[in-house]
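2 protein chains.
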Amino acid sequence: MPRFQARVLVQLRPSVLDPAGEAASAAAQRLGVDGIAHLRIGKAVELELEAPDEAEARRRVELLSDRLLANPVIENWTLELSQS
Amino acid sequence: MPRFQARVLVQLRPSVLDPAGEAASAAAQRLGVDGIAHLRIGKAVELELEAPDEAEARRRVELLSDRLLANPVIENWTLELSQS
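Protein chains in written order, with numbering that gives the first Met the number 0: chain A, 0 to 83; chain B, 0 to 83.
For the record, the hints were derived by calculation from the structure and aren't laboratory data. Careful: at least some of the hints might be erroneous.
Pairs involving identical chains hold if they fit within one copy or between any two copies, as the list cannot separate such chains.
What the hints assert, rightly or not - Quick list of in silico lysine to aspartate or glutamate cross-link-like pairs, DMTMM-like style, CA-CA up to 25 Å:
#	residue 1	residue 2
1	42	17
2	42	21
3	42	79
4	42	65
5	42	61
6	42	74
All values reported here derive from a predicted model rather than from experimental measurement.
Using the sequences provided together with the hints, build the complete structure.
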């Protein structure tokens with residue numbers, strides 16, 4: 000059975016406040032790191048998956064992302080899939 | 000001043016237990032998504048940065064990653080930098 004590598008990046012929707020990102024931005028300035036804008040903190044989920052083909056692998060990870068990894072009300076997600 | 004896009008991916012070191020990842024794996028099976036292995040959950044930090052050149056932009060984000068975004072004792076990080 001072919002094996003796939005998937006990376007799902009889950010980010011808060013742009014309209015949603017990101018307190019963690021704002022706290023990190025403030026801390027960056029205290030560290031003396033200038034010029035930072037729009038710092039957003041999200042989730043990076045990496046996984047391996049055995050599936051008959053790429054379409055089936057994509058279908059499974061999309062189901063996982065919609066139902067488990069991301070909260071569709073406040074988050075968007077993107078999927079990077081490659082065969083290992 | 001040139002503008003850069005940075006993405007810092009922070010992952011737990013392979014030797015460190017990932018309870019959130021394990022919980023997500025178990026939930027994936029309950030959802031009926033089979034074939035998943037090595038599911039790891041980390042952080043994805045996206046930011047924009049104004050800096051005189053790419054080397055300075057890289058230096059600043061590396062400092063930020065080492066001192067603020069990742070805990071070097073239990074986490075590794077990787078940096079993707081591009082000029083916008």
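Outcome of the hint check:
no., hint, result
1, 42 x 17, "both (13 Å within a copy, 14 Å between copies)"
2, 42 x 21, "both (16 Å within a copy, 15 Å between copies)"
3, 42 x 79, "both (14 Å within a copy, 16 Å between copies)"
4, 42 x 65, "both (14 Å within a copy, 18 Å between copies)"
5, 42 x 61, "both (15 Å within a copy, 19 Å between copies)"
6, 42 x 74, "both (10 Å within a copy, 14 Å between copies)"
In the structure shown, no violation is registered for any of the earlier numbered hints.
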